[in-house]
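*Asks:* Sequence:
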Amino acid sequence: MFKLMDSGLLPYLFLLLAVIIGWLLGRYSRSEKPDQVDQEEASYYRGLRFLLSEQPGTAVDQFIDAIPVSEDSLPTHLSLANLMRSKGELEAATRIHQNLLSRPTLPQDKLHQVHLELAKDYISAGLLDRAERLLRDLAEESESWAKEALEQLQHIYQAERDWLRAVAVARRRLPKPGWLLKAKFDEAQQAVATALSHYHCELAEQALSNGRESEARKELQHARQMDKDNVRACLMMARLSLREQPQYSLNLLHRLAESQSAYAAEVLPIFREAFLRMSDADAYQVALQQLANVTGSAALHIEVARLLRESSGDAEARRYLLEAARQRPNLGILTALLASEGSESSEVLAPALKLILKETPQYRCRRCGFSGRKLHWLCPSCEQWGTIAPIRGTQGD
1 MFKLMDSGLL PYLFLLLAVI IGWLLGRYSR SEKPDQVDQE EASYYRGLRF
51 LLSEQPGTAV DQFIDAIPVS EDSLPTHLSL ANLMRSKGEL EAATRIHQNL
101 LSRPTLPQDK LHQVHLELAK DYISAGLLDR AERLLRDLAE ESESWAKEAL
151 EQLQHIYQAE RDWLRAVAVA RRRLPKPGWL LKAKFDEAQQ AVATALSHYH
201 CELAEQALSN GRESEARKEL QHARQMDKDN VRACLMMARL SLREQPQYSL
251 NLLHRLAESQ SAYAAEVLPI FREAFLRMSD ADAYQVALQQ LANVTGSAAL
301 HIEVARLLRE SSGDAEARRY LLEAARQRPN LGILTALLAS EGSESSEVLA
351 PALKLILKET PQYRCRRCGF SGRKLHWLCP SCEQWGTIAP IRGTQGD
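In the working numbering, the protein residues as written are 1 to 397.
No wet-lab data here; the hints were simulated from the structure. Keep in mind that a hint or two might mislead.
Derived lysine-lysine pairs resembling DSSO-like cross-links, with alpha carbons at most 30 Å apart [unchecked claim]: (1) 176 / 120; (2) 374 / 358; (3) 147 / 110; (4) 147 / 120; (5) 228 / 176; (6) 228 / 147; (7) 354 / 374; (8) 228 / 218; (9) 147 / 184; (10) 218 / 176.
Working from the sequences, and respecting the hints, build out all of it.
*Replies:* Structural data, given as structure tokens:
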């Protein structure tokens, strides 16, 4: 038993039970001659031998021959096909599903289920155009499987960066608001709404790259309607409003920094530009220091120290950094403090700490734990929108 588990064949034990049940159902559901039953039995065991010896193509053919297709044996066929797909044997999985579709004895709802599984085979194989056609038909024809078909369609359009179609499908997956009340989303629907919000951000970026600012603004308004906490939409709107509405930009950035202080470092460049468009450097320093105290951001504290160095000298900047380090010890603040000392030891320690900071992840996905030094709006690991955030703490901002 332990050798079998170590050889990687344990999943087949679970499949084997389902296969045996399906075979027995097929055997005893029909009245056949003994020699026909013996032939099926031999075919069944040959298929099992090929499966356990990791010859999936031959095994699939043997099981297709041995297990009759019926509503009772359908789970057995689907289990084998899912196993093949999970192992990367996409041709085998596709052959099983196509064999099921060729049998008109299955009820319509079960055929729709097989269509969905076949579409997943095509997606795994990268044949997105074939999968798209199946899923679009399924979304229109099957009430039972339309929800999952739309989910798969959304993933296809997202992978193809076809944001307009992704928006259309995502909206179909959400409940429509009533006349007086806004639609309330459960956890799954909120994930769809978040994705939809980012699709509008993608469309806004496309519009901006083509010089269509008014269109970009509309897309960002849609993005913020779908997800009021979308940091990306807020930052884009603030940057878009810099030239004509700097005060509006500042208001957006203040609310964002105060409500989601982890993103204070992302706010800083736009905040600096917006403030300096409206006032002088002294006013910017006062406002920045107030925001740094509210958010506790190391990036903002370091920026305040830089301004103090320019206006009041090194001693005042060191005093400020020392007080910030006492309140919230942080690798970034300590590095800046050491760099400002000018002593022989600091000349050695400060570069070493900067090197550590350079190799330390700055962002982490709240869902899967993926980390890195770049802010991705779509997590490269779990492919969820808006789950990556700056790391806060002694080694973060």
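*Asks:* Against each hint, give a clear statement of whether it holds in the structure.
*Replies:* Consistency of the hints with the structure:
| no. | hint | result |
| --- | --- | --- |
| 1 | 176 / 120 | holds (28 Å) |
| 2 | 374 / 358 | holds (12 Å) |
| 3 | 147 / 110 | holds (15 Å) |
| 4 | 147 / 120 | holds (14 Å) |
| 5 | 228 / 176 | holds (18 Å) |
| 6 | 228 / 147 | holds (25 Å) |
| 7 | 354 / 374 | holds (17 Å) |
| 8 | 228 / 218 | holds (15 Å) |
| 9 | 147 / 184 | holds (18 Å) |
| 10 | 218 / 176 | holds (20 Å) |
Of the numbered hints listed earlier, not one is contradicted by the structure.
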